[in-house]
Amino acid sequence: AQKITQTQPGMFVQEKEAVTLDCTYDTSDQSYGLFWYKQPSSGEMIFLIYQGSYDEQNATEGRYSLNFQKARKSANLVISASQLGDSAMYFCAMREGGVILTGGGNKLTFGTGTQLKVEL
Amino acid sequence: GAGVSQSPSNKVTEKGKDVELRCDPISGHTALYWYRQSLGQGLEFLIYFQGNSAPDKSGLPSDRFSAERTGGSVSTLTIQRTQQEDSAVYLCASSERTLRREQFFGPGTRLTVL
Chain G
545 AQKITQTQPG
555 MFVQEKEAVT
565 LDCTYDTSDQ
575 SYGLFWYKQP
585 SSGEMIFLIY
595 QGSYDEQNAT
605 EGRYSLNFQK
615 ARKSANLVIS
625 ASQLGDSAMY
635 FCAMREGGVI
645 LTGGGNKLTF
655 GTGTQLKVEL
Chain V
125 GAGVSQSPSN
135 KVTEKGKDVE
145 LRCDPISGHT
155 ALYWYRQSLG
165 QGLEFLIYFQ
175 GNSAPDKSGL
185 PSDRFSAERT
195 GGSVSTLTIQ
205 RTQQEDSAVY
215 LCASSERTLR
225 REQFFGPGTR
235 LTVL
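First to last, the protein sequences are chains G and V.
Residue 545 is where the first sequence starts when you use this note's numbering, and the numbers rise one by one after that.
Residue 125 is where the second sequence starts when you use this note's numbering, and the numbers rise one by one after that.
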């Protein structure tokens with residue numbers, strides 16, 4: 545079974561509109577972390593936002609917010625007021641395990657990504 | 125401050141040759157990770173170093189792949205007897221020793237095996 549599922553291979557949004565990128569995850573761990581990364585055409589992976597499994601409030605970072613629904617195991621990224629520079633590939637990722645700082649509990653498992661295109 | 129750096133940015137090699145890819149993590153970051161990104165396989169974890177602990181090598185695809193980290197800083201990923209299926213972008217990341225441990229990635233090394 546896929547640990548991270550991103551069902552939208554491509555999305556279009558008009559400039560200044562909001563867009564939601566979907567992400568569902570599968571884990572039996574109680575403690576885990578969810579991340580979103582942006583990868584522009586230049587190739588570098590840029591960290592956007594983090595949500596811990598025990599965080600009670602949805603994470604926000606500027607125009608990015610994470611709609612975390614724990615019971616549904618979903619962690620959708622919401623980008624408000626889209627800009628042309630937001631056009632990129634977006635990856636959802638999960639780190640299983642909590643405060644363990646050694647061993648296997650630190651690698652990220654990535655989804656297949658969503659290609660977002662912002663149009664005028 | 126300086127981010128994660130990787131060298132070379134591009135590497136073209138012939139099948140059967142060995143290659144070394146280098147990663148310089150962010151200063152002060154104790155954890156270092158290698159990932160591989162290819163069209164067919166997406167983003168895959170390869171190996172993880174944390175301080176002086178034994179590395180987590182669970183993602184290395186074969187014994188042709190190895191990595192070391194010297195002095196808790198710079199890391200080298202070595203691929204021996206390269207195969208065409210090794211062609212990919214190899215990404216290095218580092219993180220601090222915090223609960224969040226967000227990983228900051230370098231620009232990657234694009235490896236092409238002819």
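The hints are simulated quantities; they were obtained by calculation from the structure and are not laboratory data.
All residues carry an ideal CB built from backbone N, CA and C; glycine is no exception.
Check the hints yourself; a few may be wrong.
What the hints assert, rightly or not - Lysine to any residue pairs mimicking SDA-like chemistry, simulated, CA-CA at most 20 Å apart:
| # | chain 1 | residue 1 | chain 2 | residue 2 |
| --- | --- | --- | --- | --- |
| 1 | G | Lys547 | G | Tyr594 |
| 2 | G | Lys547 | V | Gly196 |
| 3 | V | Lys181 | V | Glu192 |
| 4 | V | Lys135 | G | Glu588 |
| 5 | V | Lys135 | G | Ser586 |
| 6 | G | Lys547 | V | Gln165 |
| 7 | V | Lys135 | G | Lys547 |
| 8 | G | Lys547 | V | Gly166 |
| 9 | G | Lys547 | V | Leu184 |
| 10 | G | Lys661 | G | Lys547 |
| 11 | V | Lys181 | G | Gly641 |
| 12 | V | Lys139 | V | Phe189 |
| 13 | V | Lys139 | V | Phe169 |
| 14 | G | Lys547 | V | Thr202 |
| 15 | V | Lys139 | V | Ser162 |
| 16 | V | Lys135 | V | Glu226 |
| 17 | V | Lys181 | G | Ser586 |
| 18 | V | Lys181 | V | Ser197 |
| 19 | G | Lys547 | V | Phe169 |
| 20 | G | Lys614 | V | Arg224 |
| 21 | G | Lys661 | G | Asn620 |
| 22 | G | Lys547 | V | Ser182 |
| 23 | V | Lys135 | G | Tyr594 |
| 24 | V | Lys135 | V | Arg224 |
| 25 | G | Lys547 | G | Glu588 |
| 26 | G | Lys547 | V | Thr200 |
| 27 | G | Lys547 | V | Leu238 |
| 28 | G | Lys547 | V | Phe189 |
| 29 | V | Lys139 | V | Leu238 |
| 30 | V | Lys181 | V | Gly166 |
| 31 | V | Lys181 | G | Ser597 |
| 32 | G | Lys547 | V | Lys139 |
| 33 | V | Lys139 | V | Ile150 |
| 34 | G | Lys547 | V | Arg205 |
What the hints assert, rightly or not - Now the stretches of chain V that chain G is said to cover, found in silico as 3 or more residues with beta-carbon under 8 Å:
| # | region |
| --- | --- |
| 35 | 135-143 |
| 36 | 146-152 |
| 37 | 156-167 |
| 38 | 213-224 |
The hints, checked one at a time:
1. A C-alpha spacing of about 17 Å is found between Lys547/G and Tyr594/G, which places the hinted pair at or below 20 Å, so the restraint holds.
2. Of the pairs offered as hints, the one joining Lys547/G and Gly196/V is violated, with about 31 Å between alpha carbons and a cut-off of 20 Å exceeded.
3. Note on Lys181/V and Glu192/V: the hinted pairing holds, with a Cα-Cα distance of about 11 Å set against a maximum of 20 Å.
4. Annotation: proposed proximity of Lys135/V to Glu588/G holds, straight-line Cα distance about 17 Å (limit 20 Å).
5. Restraint check: the Cα-Cα separation between Lys135/V and Ser586/G comes to about 17 Å, which is no more than 20 Å; the hinted pair holds.
6. About 14 Å separates the Cα atoms of Lys547/G and Gln165/V, which keeps this hinted pair within 20 Å; it holds.
7. As the CA atoms of Lys135/V and Lys547/G are separated by approximately 32 Å, the hinted pair breaks the 20 Å bound.
8. A C-alpha spacing of about 13 Å is found between Lys547/G and Gly166/V, which places the hinted pair at or below 20 Å, so the restraint holds.
9. Annotation: proposed proximity of Lys547/G to Leu184/V holds, straight-line Cα distance about 19 Å (limit 20 Å).
10. Taken as a hint, the Lys661/G and Lys547/G pair is broken in the structure, with Cα atoms around 25 Å apart against an allowance of 20 Å.
11. Taking the CA atoms of Lys181/V and Gly641/G, the gap is near 17 Å; set against the 20 Å cutoff, the hint holds.
12. Taking the CA atoms of Lys139/V and Phe189/V, the gap is about 14 Å. The hint holds against a cut of 20 Å.
13. A C-alpha spacing of about 23 Å is found between Lys139/V and Phe169/V, which places the hinted pair above 20 Å, so the restraint is violated.
14. Restraint check for Lys547/G and Thr202/V: the C-alpha separation of about 28 Å exceeds 20 Å, so the hint is violated.
15. Only pairs whose Cα atoms come within 20 Å are accepted, and Lys139/V paired with Ser162/V is accepted, the gap being roughly 17 Å.
16. Distance restraint check for Lys135/V and Glu226/V: the Cα-Cα separation of roughly 28 Å exceeds the 20 Å cut-off, and the hinted pair is therefore not satisfied.
17. The straight-line distance between the Cα atoms of Lys181/V and Ser586/G is roughly 28 Å, outside the 20 Å bound, and the hint therefore fails.
18. A C-alpha spacing of about 17 Å is found between Lys181/V and Ser197/V, which places the hinted pair at or below 20 Å, so the restraint holds.
19. The straight-line distance between the Cα atoms of Lys547/G and Phe169/V is roughly 13 Å, inside the 20 Å bound, and the hint therefore holds.
20. Taking the CA atoms of Lys614/G and Arg224/V, the gap is about 18 Å. The hint holds against a cut of 20 Å.
21. Taking the CA atoms of Lys661/G and Asn620/G, the gap is near 17 Å; set against the 20 Å cutoff, the hint holds.
22. Annotation: proposed proximity of Lys547/G to Ser182/V holds, straight-line Cα distance about 17 Å (limit 20 Å).
23. Under the criterion of a C-alpha separation no larger than 20 Å, the hint pairing Lys135/V with Tyr594/G is inconsistent with the structure, at around 33 Å.
24. Straight-line distance between C-alpha atoms of Lys135/V and Arg224/V comes to about 33 Å, which puts the hinted pair past the 20 Å bound.
25. For a cut-off of 20 Å, the pair hint linking Lys547/G to Glu588/G is broken: about 23 Å separates their Cα positions.
26. For the hint linking Lys547/G to Thr200/V, the alpha-carbon distance of about 29 Å lies beyond 20 Å, and the restraint is violated.
27. Proposed proximity of Lys547/G and Leu238/V is contradicted: the alpha carbons are some 33 Å apart, above 20 Å.
28. At most 20 Å may separate the alpha-carbon atoms for a hinted pair to count; Lys547/G and Phe189/V exceed this at roughly 25 Å.
29. Distance hint between Lys139/V and Leu238/V is fulfilled; the C-alpha atoms sit about 6 Å from each other, no more than 20 Å.
30. A distance of roughly 19 Å separates the Cα atoms of Lys181/V and Gly166/V; the hinted pair therefore holds under the 20 Å criterion.
31. At most 20 Å may separate the alpha-carbon atoms for a hinted pair to count; Lys181/V and Ser597/G exceed this at roughly 26 Å.
32. Between the alpha carbons of Lys547/G and Lys139/V the distance comes to roughly 33 Å, so the proposed pair goes past 20 Å and is violated.
33. A threshold of 20 Å between alpha carbons decides the hint, and for Lys139/V with Ile150/V the separation of about 32 Å lies outside it, so the pair is violated.
34. Restraint check for Lys547/G and Arg205/V: not satisfied, since their Cα atoms lie roughly 32 Å apart, outside the 20 Å limit.
35. Using a Cβ-Cβ cut-off of 8 Å, 0 residues of the region 135-143 of chain V lie near chain G, which falls short of the minimum of three, so the contact claim is violated.
36. Residues of the region 146-152 of chain V with a Cβ under 8 Å from some Cβ of chain G number 0, which does not satisfy the need for three, so the listed coverage is violated.
37. Look at the region 156-167 of chain V against chain G: 4 of its residues bring a Cβ nearer than 8 Å to a Cβ of that chain, three or more, so the hint holds.
38. As drawn, the region 213-224 of chain V meets chain G at 7 residues by the rule of a beta-carbon pair under 8 Å; at three or more, the given contact holds.
The structure fails to meet hints 2, 7, 10, 13, 14, 16, 17, 23, 24, 25, 26, 27, 28, 31, 32, 33, 34, 35, 36 from the earlier list, while all remaining hints are met.
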